[in-house]
Amino acid sequence: MIEARNLTKRFGNTTALNDLSFTVPARETFCFLGANGAGKTTTINLFLGFLPPSAGSALVCGKDVAEEPEAARALTAYIPEQVALYPELTGFENLKFFASLGGTDVSESDLISGLEAAGLQQDAFHQRAVTYSKGMRQKVGIAIALAKRAQVLLLDEPMSGLDPKAANDFCELLRNMNARDVAILMVTHDLFRAREVGHRLGILKAGELVEIVHASSVSASELEEIYLAHMHDAAGKAA
Amino acid sequence: MIARQIAGKDLQLVFRNRRVMAVFVAVVLVMLGAVLIGAERTASFDRERGSALAADREVWLGQGARNPHSAAHFSRYAFKPLPALASFDPGTVDYAGLAVWMEAHRRNPATFRYAESAGASSTFESLSPAWVLQALVPLLIALALFPSYAGEREDGTLRQLLGTGVTAGAVFAGKLLAALRLLLLILLPLVALSVLAVMATDVDTHQPDPLLRTLCLVAVYGLYLLSFCLVAIGVSALSPHRRSAAIALFAFWFVFVVLVPRLAGDLALARTPQPDATEIANSLGEIGMAFWDSEELRESARQRAMDEYGVATVEDLPIDYAAYELQFSEEYADPLYAKVYRELNGVHAAQERTLSTLSIISPTLAVARLSAGLAGTDRAHHLAFTEEAELHRQEIIKQMNDDMMLNAGDAGYSYQSDPAFWEEIADFHGSLPPLSRFAGRYLWDVIALLAWLGAAFLFARTAVARAGDMERVR
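Protein sequence lines, in the order shown, are assigned to chains G and C.
Its first residue numbered 1, the first sequence is counted upward by one per residue in this note's numbering.
Its first residue numbered 1001, the second sequence is counted upward by one per residue in this note's numbering.
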């Protein structure tokens, strides 16, 4: 479970996040939508323990990230916009290395199963990662999360730049992760993919959570209207 | 556990880097060449020393009946004993002189410098295993470790790594462990090659404390190279890209390994200039003649002889007075020679103190001094040889003067010793001093090396903590 309790982050006089509170239970995907600078990546960084909160707390499976960062991160998998892999290692070797950091022994067959479950083609397992496309890297990122048996998945623009087929495959992978009791927090600009994969969608504006929408209750065009209304409101206020 | 995983992955990346592996193979080959050249050169020096000693002995013993003072002028050579470790680090062997001519009336400096007979090649420093470890291996370390953090940052894997729950401290421990393993991989073949070469070096002289000296050499080079590993990790941690890390480390290597030691040598010479060689030769010549040119001194010799034997005139002496006077002149000149050499050695000591002080700026200076000291080839060991040779000279000249004094009767300079007497004049074999004799001499260099290691560790630790913070807020 992912939980934000009155989470606030200030950088000097600028408030990046203000009094953010939400909960993402297991088997649910919560998507944050918002313009650049809305505080989406700051939220991810707070849950990764990369930044300390100014007030409030970020909890992963009940563990306060600021107080127990290593324990919280041990339960968390993180997939950025561009999954970073060691280019000179193969996909399998990358997976083996990152899986080994969890401190638990993962058998080679489990690793292979993880790559298969993530949808990476078998002939790519032992190719060096320098030859991988972005979609293949994202799949290895998912395989790492599977091998780690993460209970929480944090995604920062994971489908940006993926072709439609790869993005569709990735959405399917996220649904499979949900089926494994994983709670997912994804930040994205992509309203349509967010609606496709998310259960609830939170709209962030200038560091505040202005609305939460249930994905099943709105059509794609309605979601766009809601989102743009908030953005225009922001633009109007700014003007 | 995590550190081991990170270290294993880092080494895997190093081994897959063809450029690093090519340089590694090249360094091992250069080392192999250096080991073979060093071993052969030391063994060849020792063979030449053996054959020169034999030739010197043969000529000495074959001189037939002869006046002992004439023989004392003809005299003998003291050949410097070379330690087997000279094949690892020749130190001052090339230019400090390999033999001292031990003659009457004159204390000669060591001659037969290898550098003088090496022709055009003397311009270049000898290729030795010590030089490879001091100069080339730090470059190999820089080449292997520059991507340590900078590569991870450029590829985005550092943030990925920190995002898995691994602490910045664990990443540093992993990087350090990888560096230590790499160091071990570099040092093991090099140490094994060096030990084999030293064992195979055929020298007659017994070097005291060979195991202690070898272990100290391994420790000194281990600490020296470890400080380079830490600097490489630190620089890599602060560099945004591989290229900037590589450039910074190459500049560091050039300045601290190549430039500073050269400038330090020039600075030491500028601060304490070498005395003029002609002036020294003149001083030595004047000392040799001082007694004979002074009627006052000669009179005091006569007076002492008469007092010693309780006679009123020189003619009443029961000994050959000419030989007595010769020995008197030797004993008069010995402390004067000692003073000139003490002053000359004082100049060298002042130059060495400058170098030793500057070793706080460059660890290469500290390690070079320690290495030659431990190998038994530095100036201190050379001075021990010249002092021992001088004592031997004084002893054999006295032996010959005594022979003439006691056995010449009225014959004086016409007296000829029995050819069997030459066998009583001992050959100079020389001995190598134990390490404990010079232990205090290298204290500052040890402190400088440890200070470098400590500073490198703090630098790396701070740089790595900063790198972790930088990644988190990206």
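These are computed hints drawn from the structure, not numbers from a lab.
Because the structure is a prediction, the values reported are computed rather than measured.
No residue lacks a Cβ here, since even glycine has one placed at the ideal position from N, Cα and C.
Mixed in with the good hints, there may be bad ones.
[To be verified] Partner residues aside, some chain G positions facing chain C, computed with beta carbon under 7 Å:
| # | residue |
| --- | --- |
| 1 | Cys61 |
| 2 | Gly62 |
| 3 | Ala66 |
| 4 | Glu68 |
| 5 | Tyr78 |
| 6 | Glu81 |
| 7 | Thr90 |
| 8 | Lys96 |
| 9 | Leu101 |
| 10 | Phe125 |
Residue hint phenylalanine 125 of chain G, partner chain C, criterion CB-CB below 7 Å: Hint on phenylalanine 125 of chain G: violated, closest Cβ of chain C at ~17 Å, above 7 Å.
Hint check: 7 Å Cβ-Cβ cutoff, cysteine 61 of chain G to chain C: 13 Å, violated
Satisfaction of the lysine 96 of chain G interface hint, Cβ to chain C closer than 7 Å: 9 Å, violated
Hint check: 7 Å Cβ-Cβ cutoff, leucine 101 of chain G to chain C: Constraint on leucine 101 of chain G satisfied, holds at 5 Å.
Interface hint for alanine 66 of chain G, Cβ within 7 Å of any Cβ on chain C: Violated - the Cβ of alanine 66 of chain G stays beyond 7 Å from chain C, reaching only about 13 Å at its closest.
Residue hint glutamate 68 of chain G, partner chain C, criterion CB-CB below 7 Å: 10 Å, violated
Threonine 90 of chain G as an interface hint toward chain C, with CB separation required under 7 Å: 11 Å, violated
Satisfaction of the glycine 62 of chain G interface hint, Cβ to chain C closer than 7 Å: 16 Å, violated
Hint check, glutamate 81 of chain G versus chain C [nearest Cβ-Cβ separation less than 7 Å]: 10 Å, violated
Hint status (Cβ of tyrosine 78 of chain G to nearest Cβ of chain C, threshold 7 Å): 4 Å, holds
In summary, the structure is inconsistent with hints 1, 2, 3, 4, 6, 7, 8, 10 from the numbered list given earlier, while agreeing with the others.
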